[in-house]
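S.K.: Sequence:
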Amino acid sequence: MEDIVSLCKRRGFVLQSSELYGGYGGFYDYGHLGVEVKRNIKDHWWRTFVQSRDDVVGLDSSIIANPKIWESSGHVGGFSDPMVDCKETKLRFRADQVFWSPVVVEGDIITYVSVHEDSPEIMVKEGKKMAKKLLKEMDMKGTKYDKFTFKDLTEATEEEMSKIPSPATGTPTLTMPRDFNLMFETSVGAQTDSASKGYLRPETAQGIFVNFKNVQGPARMKVPFGIAQIGKAFRNEITPRNFIFRSREFEQMEIEYFIKPGDGWVESHKTWLSDSKSFLLSLGLRPDLLGWDVHTGDGLAHYANACTDVTFKFPFGVSELMGIAARGDYDLQAHTSGSGKSLEYFDEGSKEKYVPHVIEPSLGVDRVFLAIMCSAYAEDEVGGEKRNFLKFHPRVAPVKAAVLPLVKNKEELVGVARE
1 MEDIVSLCKR RGFVLQSSEL YGGYGGFYDY GHLGVEVKRN IKDHWWRTFV
51 QSRDDVVGLD SSIIANPKIW ESSGHVGGFS DPMVDCKETK LRFRADQVFW
101 SPVVVEGDII TYVSVHEDSP EIMVKEGKKM AKKLLKEMDM KGTKYDKFTF
151 KDLTEATEEE MSKIPSPATG TPTLTMPRDF NLMFETSVGA QTDSASKGYL
201 RPETAQGIFV NFKNVQGPAR MKVPFGIAQI GKAFRNEITP RNFIFRSREF
251 EQMEIEYFIK PGDGWVESHK TWLSDSKSFL LSLGLRPDLL GWDVHTGDGL
301 AHYANACTDV TFKFPFGVSE LMGIAARGDY DLQAHTSGSG KSLEYFDEGS
351 KEKYVPHVIE PSLGVDRVFL AIMCSAYAED EVGGEKRNFL KFHPRVAPVK
401 AAVLPLVKNK EELVGVARE
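So the sequence shown is numbered by the working numbering: it starts at 1 and just counts up by one.
The set of hints was computed from the structure by calculation and includes no laboratory data. Just so you know, even glycine gets a beta-carbon here, dropped at the ideal spot from N, CA and C. Incorrect hints may have been included.
As the list claims (entries may be wrong) - Cβ-Cβ distance ranges computed for the label pairs, FRET-style: (1) G384 x P287: 56 to 66 Å; (2) P224 x I122: 42 to 52 Å; (3) E121 x A195: 49 to 59 Å; (4) G142 x Y24: 20 to 30 Å; (5) G383 x G107: 52 to 62 Å; (6) K128 x V403: 50 to 60 Å; (7) K400 x S62: 28 to 38 Å; (8) N236 x L300: 23 to 33 Å; (9) S278 x E121: 25 to 35 Å; (10) K128 x K197: 41 to 51 Å; (11) G22 x S278: 19 to 29 Å; (12) D54 x A195: 41 to 51 Å.
Stated by the list, open to error - Once the Cα atoms are required to be at most 27 Å apart in a straight line, the calculated DSSO-like pairs of lysine-lysine come out as: (13) K129 x K151; (14) K341 x K351; (15) K270 x K260; (16) K125 x K87; (17) K197 x K232; (18) K151 x K141; (19) K400 x K386; (20) K163 x K141; (21) K90 x K141; (22) K232 x K313.
Let the hints inform the model, and build the full structure from the sequences given.
M.R.: Quick look at the structure:
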């Protein structure tokens with residue numbers, strides 16, 4: 001991963017935001033080549049899912065909207081991550097991204113280790129490193145112990161939390177997990193009080209839902225149809241990490257595809273799964289690095305009928321690239337209740353009114369960008385010197401072709417090349 005991050009900065013793809021002033025955690029700028037790749041991704045998505053289809057239209061909703069939207073959607077009350085603080089260093093961690101395990105010797109718990117979420121191999125490696133240090137301090141150097149049984153901090157009891165070491169200090173200095181709202185607050189207007197409180201949107205989807213009628217009517221769209229949007233979203237991530245994979249400012253490409261209630265969602269969901277994977281492959285992503293993660297049980301949102309992630313094998317592990325969710329009518333019903341205004345659709349074919357259900361393919365531009373960089377990254381060796389370079393698919397390449405003179409001091413050759 002370090003090689004890709006270094007290349008991105010060196011070649012002008014991705015830069016640390018505010019680097020002149022020491023940077024700013026969780027924020028990045030895209031350089032002269034990066035903006036071209038990013039634009040190519042978005043343009044291809046728009047052509048594929050909006051301009052080449054009769055059943056999808058576009059929208060560009062505002063970043064700051066009436067706070068009641070976020071109250072109705074559940075974001076104000078429930079858009080949070082579990083968080084723990086290190087009392088010694090004042091560092092903050094997501095509780096579901098720090099894993100712990102007892103160190104068991106002959107059936108007895110001797111101590112505990114903690115590690116940041118990573119691939120199983122790296123977590124075990126880091127756990128062994130911490131266990132070795134702790135056992136040495138306990139005059140138990142070389143003691144053999146059982147295999148680790150990692151769980152995240154949300155599964156720890158209060159007694160266990162009092163013994164689990166902080167990843168920052170190696171000593172038990174962590175608070176109990178508590179919820180941390182991820183939305184950025186701002187003030188709208190001249191006054192700064194509770195009445196002026198606003199939020200930077202944490203997702204683009206709600207702007208589509210509240211505009212369902214405003215788009216459907218004038219555009220003369222009939223169910224099934226979709227509304228697409230590309231735009232910035234903001235989340236006050238507790239621990240932004242893995243370069244641009246998890247940042248505090250990011251860009252989304254989302255479609256809310258409205259369908260008739262009933263069992264038809266199953267087929268529609270399958271279709272969007274297939275179309276989404278085809279799109280990702282058309283960007284030049286390596287097929288061997290793509291996979292599926294079907295949400296079940298507790299991993300499925302309470303309002304969703306189904307959700308499947310397209311995953312990608314990044315250098316730091318397998319993680320979500322995009323999600324395709326069958327959201328039911330949860331969002332439209334929530335805004336009907338919150339606004340007091342009906343978001344029903346009249347079906348002229350069946351002569352009935354209903355609140356449409358939704359299939360949502362949601363894709364992060366920055367994550368796709370990173371997946372493209374990982375897929376395109378290559379190395380070779382010339383004259384004993386290692387080189388790294390990028391093999392882009394022409395569709396996303398920042399430069400499609402170049403005419404380069406063999407020498408730069410002959411104007412007649414340089415002039416022809418420029419022409």
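S.K.: So, for every hint listed, does it hold in this structure?
M.R.: To see whether the hints hold, each was checked on the structure:
no., hint, verdict
1, G384 x P287: 56 to 66 Å, "violated, 33 Å"
2, P224 x I122: 42 to 52 Å, "holds, 44 Å"
3, E121 x A195: 49 to 59 Å, "holds, 52 Å"
4, G142 x Y24: 20 to 30 Å, "violated, 45 Å"
5, G383 x G107: 52 to 62 Å, "holds, 59 Å"
6, K128 x V403: 50 to 60 Å, "holds, 55 Å"
7, K400 x S62: 28 to 38 Å, "holds, 35 Å"
8, N236 x L300: 23 to 33 Å, "holds, 25 Å"
9, S278 x E121: 25 to 35 Å, "holds, 32 Å"
10, K128 x K197: 41 to 51 Å, "holds, 48 Å"
11, G22 x S278: 19 to 29 Å, "violated, 43 Å"
12, D54 x A195: 41 to 51 Å, "holds, 44 Å"
13, K129 x K151, "holds, 18 Å"
14, K341 x K351, "holds, 21 Å"
15, K270 x K260, "holds, 16 Å"
16, K125 x K87, "holds, 26 Å"
17, K197 x K232, "holds, 20 Å"
18, K151 x K141, "holds, 25 Å"
19, K400 x K386, "holds, 25 Å"
20, K163 x K141, "holds, 20 Å"
21, K90 x K141, "violated, 31 Å"
22, K232 x K313, "holds, 25 Å"
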